[in-house]
Amino acid sequence: MQQVLRLQRRRRMNGQEAVEVVYGITSRNPVAAPPDALLGYTRAHWGIESRHHIRDVTLGEDRCRVRRGAAPRVLASLRNVAAYLLRTLGTGTIAAAVRTIVATPERALAALNQPVSISE
Numbered sequence: 002m003q004q005v006l007r008l009q010r011r012r013r014m015n016g017q018e019a020v021e022v023v024y025g026i027t028s029r030n031p032v033a034a035p036p037d038a039l040l041g042y043t044r045a046h047w048g049i050e051s052r053h054h055i056r057d058v059t060l061g062e063d064r065c066r067v068r069r070g071a072a073p074r075v076l077a078s079l080r081n082v083a084a085y086l087l088r089t090l091g092t093g094t095i096a097a098a099v100r101t102i103v104a105t106p107e108r109a110l111a112a113l114n115q116p117v118s119i120s121e
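Per this note's numbering, residue 2 is the first one in the sequence shown, and the count goes up by one each step.
Hints in this document: simulated from the structure, not taken from any laboratory.
Listed next, with one range per pair, are the computed distances between beta-carbon atoms:
{"id": "1", "residue 1": "Leu6", "residue 2": "Leu86", "range": "33 to 43 Å"}
{"id": "2", "residue 1": "Arg7", "residue 2": "Gln115", "range": "40 to 50 Å"}
{"id": "3", "residue 1": "Arg12", "residue 2": "Thr89", "range": "18 to 28 Å"}
{"id": "4", "residue 1": "Arg69", "residue 2": "Gly16", "range": "42 to 52 Å"}
{"id": "5", "residue 1": "Val5", "residue 2": "Ala111", "range": "45 to 55 Å"}
{"id": "6", "residue 1": "Asn30", "residue 2": "Glu107", "range": "53 to 63 Å"}
{"id": "7", "residue 1": "Gly48", "residue 2": "Glu18", "range": "16 to 26 Å"}
{"id": "8", "residue 1": "Arg69", "residue 2": "Gln4", "range": "41 to 51 Å"}
{"id": "9", "residue 1": "Ala71", "residue 2": "Asn15", "range": "34 to 44 Å"}
{"id": "10", "residue 1": "Ala38", "residue 2": "Ala104", "range": "40 to 50 Å"}
{"id": "11", "residue 1": "Val20", "residue 2": "Arg88", "range": "21 to 31 Å"}
{"id": "12", "residue 1": "Asn30", "residue 2": "Arg100", "range": "42 to 52 Å"}
None of the values given here were measured: they were computed from a predicted structure. All C-beta atoms in this analysis are idealised placements derived from N, C-alpha and C, irrespective of residue type, glycine included.
Between the sequences and the hints, there should be enough to build the whole structure, so can you do that?
Following this line, the structure appears as structure tokens:
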């Protein structure tokens, strides 16, 4: 064990600010991983987890039983496209966008009719 860290997170849930304190340990020494680098590693990790959570939970990727050939990768790509299109509806969350589409399917068609911006 080389370092111990304390991370305070703030987030908004249902209009309320929630504060959470978490602790961690690392075998990386302070020269190899100074505090700002440790914060960067943590942010990158949770950014990836957040993206996977949307696909896993909201879009049902974990329940999918497709396992052979290129099909899993194709389905993952389709889920990514679906998440992008759902975000364009401006409902705040992917789950809210799914509920909106279920209630008003014509909004799905409107989302498909939008120009797409591609950034490199």
